[in-house]
Each structure stands twice: as C-alpha cells, then as structure tokens.
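Chemist: Based on these hints, arrange chain F on the given structure of chain E.
As a plain string of letters, each chain reads:
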Amino acid sequence: MTEVRILASSQVTTIDFDGLDHLLRGLRRSDPFIQLAVLAGHHALQQSGIMASCQPEDVGVCVGSTTGPLKTNFDFLDTLFDDGEGQASPTLFSHSVHNAAAGYVSRLLNLQGMSQTVTTNGWPFLAALSDARWSVVSGMLPYCLVLGIEESCPVLDEAAGRLVGKNDRLPQMGAVAWLLSANEQPGLTLAEITIDEQYNDEVYLLSRDREVFSASVELPSYSSGSLASCLSLTTAMERIKSGIGQGNWQVKAPFGSARCEFGKAS
Amino acid sequence: MSGVLSGIAVSGMGCISGAGADLVEHELCVAGTPSTCASVPEWLFGTKLTFPVFMARQDPLGPVARQIMASNTYGLTEDNVHRTVLLALEAAVQALEHAGLDLADLRQRKVGICLGTTVGCGFNAEPYYAAWRQDERPDLDPVLRYFHANISSTVQALLGLHGPVAVVTNACASGTDAIGLAKGWLETGRCNIALAGGADGMSRIALNGFASLMLTDSQPCRPYDVSRKGLNLGEGAGIVCLEGTDDVVNRGGRCLGYVRGYGAGSDAYHPTAPHPKGRGMVTAISKALSAADTAIHDISFINGHGTGTSANDGAETTAIAAVFGAYQVPLISTKPLTGHTLGAAGGLEAIFTLSALNKGRVKGSVRCQDIDPAFLYQPLPAGEEVALAGKIGISQSLAFGGGNGCLVLEGGIHD
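Line order of the protein sequences matches chains E and F.
For the record, in the first sequence the residue sitting at position 12 is 12 according to this note's numbering, with numbers rising by one throughout.
For the record, in the second sequence the residue sitting at position 52 is 52 according to this note's numbering, with numbers rising by one throughout.
So that you can see chain E by itself, here it is in the shape it has in the complex (with noise of 0.2 Å):
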C-alpha cells in the first residue's frame, strides 16, 4: 500500500495578499472564501516546492466545508430581490456555488489533476482529506493539495444566538490546506482517517456545542464552530510533525467522532 505523506501545510484566518499581487489580479471579483482558499493554498504550495517539479495535472484540489460560500448565496439573493427576475448577478451566482473556490484554487495555483469539492454536516476537511488520500493511494494522482474552507454567516448566527443563547458565537472565518503527496520524501505520513458522522438535532450542528479535541500533542483550545475542527486537526499534525513524528488526533461530538493516525515514513 502506498503511503500518504504530508508534505506541507497551512493555517490561514486572515486575508493579507501583501506580497502576492500576481494572485490579486485573479481575485477582483472574488469572496472572501476564495480568497482564504487561494492563499492558504498558495502557502502550502510555496512550502513544498513541488511546482517546479511536477506537471499541473499531477496536483489535485480537494476542498470540504460545511457550508460552502454562504454568505455569497445570500448575496445572490439580494440581486435576485431587488434588481427582480433576469437580472440577478452572473458572477454572484458562478460564486455561490460550493467548488467556487476549488475552481479559483485551481486556476491561479495552475493545478489541473482533479478538483473536488464535498461536504457533510460534522467534519468535511475529514472527507475532504479522505477522499485525497484515495487519489493517491490509488495511483490517480501523485500530489493532492487538501483544503478545509468555513466562513460564519450573519443568518446563521443570528439564528444560533435566537435558538441556544450562543451570544458568544463569533465571526469565524478561516482555511486550512495540507499537501498529500505519494513520492519517496521524508515526513510524517497520515496513516488512518476515520470517520463516524451520524444524522443529529440540527441545534448541535448549528452551535456545534461540546465538540472536545484531544491528541497525543498538547493542543491549544478554540471557539466552537465548524472551522475549530480544522485548525485543530492542523495544529496537532504539525506539532507531531515537528515533534516526535507519530501520533494522533480525535474529536468527538454528539454528531459523531473522527480520528486521524499520523506515522513516521519507512
């Protein structure tokens, strides 16, 4: 069985393009959840190196959010509303769409293997990741750039501080990007994702209430929302990368529970 190694990563909640101006050019019409996209991409592709290596239909996007682009959904809707019928916004609506920001990821980072996007309600970068690995494992692709995208949206935390008090619900918006890759490189390997997502009470998914992280590395604690499950599968991967090189990292939720297993490369 081929291993999976990671060759890099990103952690990306702020929108700072100083430096990148050939991206901006891109990026006129976008959101901001492409825009967190295309740079955390940017960053763990730069840390890699690969490009100047590999061809662009070696590397692959695969994106996992929960809610896609929501924000602009509702956007779309406002043109739809006030302007009325036949007259909605074009690009509004091309950017509502979930694989928006795969499609803008692939472009600008020129990264013609596959672009996928999926989502499920609890943990999508876990799906996202998964579905990478298999691309690689199984020979479709020798790199694969994994991105978790979430932004908050004012309707649904209006609606979670209505329905479970969550007045401390904030603004959230970030991205994750880690490189999967099959060549022979030294590093740390992902070795096992599991999965359990069940169907639950849709007031959990939207407070994402008593959602715990733990890892075989010391984590930092975050606020709860749908990005914190990203960025602290994220932190526990590099710090074991940086540290002992194996070990692992779980959550658990009363919507289920996922467990990644890091290894050390043979």
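It is worth saying that the hints were derived from the structure and are not from the lab.
All clues stand as given, with none of them false.
Computed footprint of chain E on chain F, listed as stretches where at least three residues anywhere in the stretch have a Cβ under 8 Å from a Cβ of chain E: (1) 44-50; (2) 128-142; (3) 268-277.
Glycine included, each C-beta is placed from N, C-alpha and C at the ideal position.
Modeler: Showing chain F alone in chain E's frame:
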C-alpha cells in the same frame, strides 16, 4: 484491455426525472416516448422567466419511499424537506429494490452514501431570507431544515443506515464524481455497499442563475446541433447501488454493470466557461481509461455532457477528438430527454450509459439534426441508431469551476 470483470459492480439502478419515474420509463423515453419540456409549473414556484424546463412528477415518492418517509422518527415529512431530498430518496429506494437488497439486512452493514448536488445544498428558503433582511426575525424552521439539505446524511437517516456519508458539490459534475469517489470508498474498505449518484430539485435560484449567465435556451435544447442556443434546466435523481463484484455474485445478485475506471481533471481556466480545448476533460478521460486498464479501441460509445451550450459542446468534442483522434465511436447526449439536471446529471447519465451498453444499441441525440461543422469529433445525429461494438462505454461531465469527471463503465447482465 484486461477483460477481467472484477472490481466494483453496479447491482441496482434508480432514477426519476423528466424522462420518467423509474428505470423502465427512462428506457422507454430513450426508445421514443417523448418527455415534456415546458414552463415551470405553478405548483412549484412562480416565475416571470419563460425558459422551459424538464420536471419530474409532482409527487416524487413512490409507495415504498413514501412509507419510509412516513415512518421516520426525525420529524421529517414530505413538506419539510427540500424537494432534492425527496428525489434522492426515491431513486435510492429504487436502486436498493433493483439490487434485491433488504433494508433490514443493510442496517447490519456499512453502507456509504455519496451523492452529488448543486442547489440542493444551498439555502433555498427565500421567504425566510426576504423577511430576515428586513430585520424581521421569522420562525427558525427554515434554518433548521437547511441542515436537512445535506441529502446524503438525510437519506441515510431516513433509510436507517450507517456508514460514510458525503455530498459532492462539484456543480454539474457532482453525480459523476460521486460515483467515482464511492468506488474509492469500496476499494479502501470504508463501506461494503454504496449508494452513489446525484439529485437536484428544480430551483428558482438556479433558474435565475443560469438565465443571468445567458446559458438557457427558450426552446427545447439541441446538444451538438449547429443551431443550439443553450441548455434547459431539469430536475431528478440518478442513483446506483455499488458493491464488490464478488459480494454481488455470492449473495445471488445480478451485476448489471461495472465501474471500471474513474478520472478527473481541472481546466484551471475560468469560473464558468470550459477551456476551449477541453483541457481538463482530456485529463479526466485519459485518467479514467488508465484506471480502467482500457484503451480507446475498447470504448463502444460516449455519453457526453452535451448541454447544448455553444461553449460546452465545442470544448467537449474538441477534448474527445484529442483523446480518440480518428477513432470514431458514437457520441450522444441524453439531456434532450431530461434537461440539465445539474448534480443529478452524472448519476442519470451513468444509468443511461449502462442501459445502452446492456441493450447493445444507442440512438443519436434527440433534436441534433445538423451537427455543428466546426466540431472536431462527430456526434451521432438524431434519427440514427447503431449497434454497439462492445460492452464498455464512457459517461462524462463538465462543471462550473473547471471540474471534469469521467467514468468508464462496462455493461453486465441485461435486465
């Protein structure tokens, strides 16, 4: 070609769309029973747009699916879930019945559900948002229902199954990619059985979105025809039941076909327009053929994406020409029968492909009278029917964002 019929089998197929309410009706539609392309029905939503669409029947659920919906313990009803969920449930139930699988038995196994959708996972409760943005605070039910828009987890809950779930949201390639990913789930042991494909209900949001992009035709669509003016939206669901071939044989089931290979590629070109040379489609086809251990001469026909937009049909035929060169196999589109069902398209078209492979014949695209002379690859025109030279075919999809997916499918037992 290896000629080894191992790997992932299709043991059941379920479908509902403007072409019919089940597999038999879809096959009759291919044979010549016309499907209806007409204005959006008033019972669904009011619209000033006059672009015609292809609708599934008003009440998507058949008796078995209706019974399942009625007996769920989650408070889900036909009235409080998105229409996409109803379409997906009906197709999933059909696929399981077709496969001869019993729900009680399945509940003891790991059943993956990997479905594609586009509008199905968006926030579609327009009245809620219209009130909310006026600073009203309407009842929260539509927000809670939004979480049921994840069609895979909701279908899983309704069927009482457990196993991996994911919704593929790759725009118009979602259904194709979902089948490809589910193949991976089975190969890596994440599940024993998978329901895979796609579903999308008709939506005022999608209708306005495609209209704003000027991609819709005011007449019934004419894929690959020189006079084509755009697509017609459709709705539906196409879901296949996937299992290991040995598992199907051991339980006495029928292998209706096989998913031999899957490939994907990105255009990396434009947010909505395909690369003019179909760059990502070339990658997708090439990778799928390689994964299937299959050469172009083993392919007996191609079920194309064939939306009827100028850019899509041009890019697609250019991509096929780049891969197949002078080797000509029938290229058809089934979208004149169903409309463009978005996330459902890949699922429905995989089923159309397997059906044709099993019958050994394929008909040219309806309303494709005068093939665009600019094409580098010649589709099969309307009115022509050919016997297939083999049992292996291709079903492929292009998408917004530059995603492309391709399945290499092999026919099995003729139902």
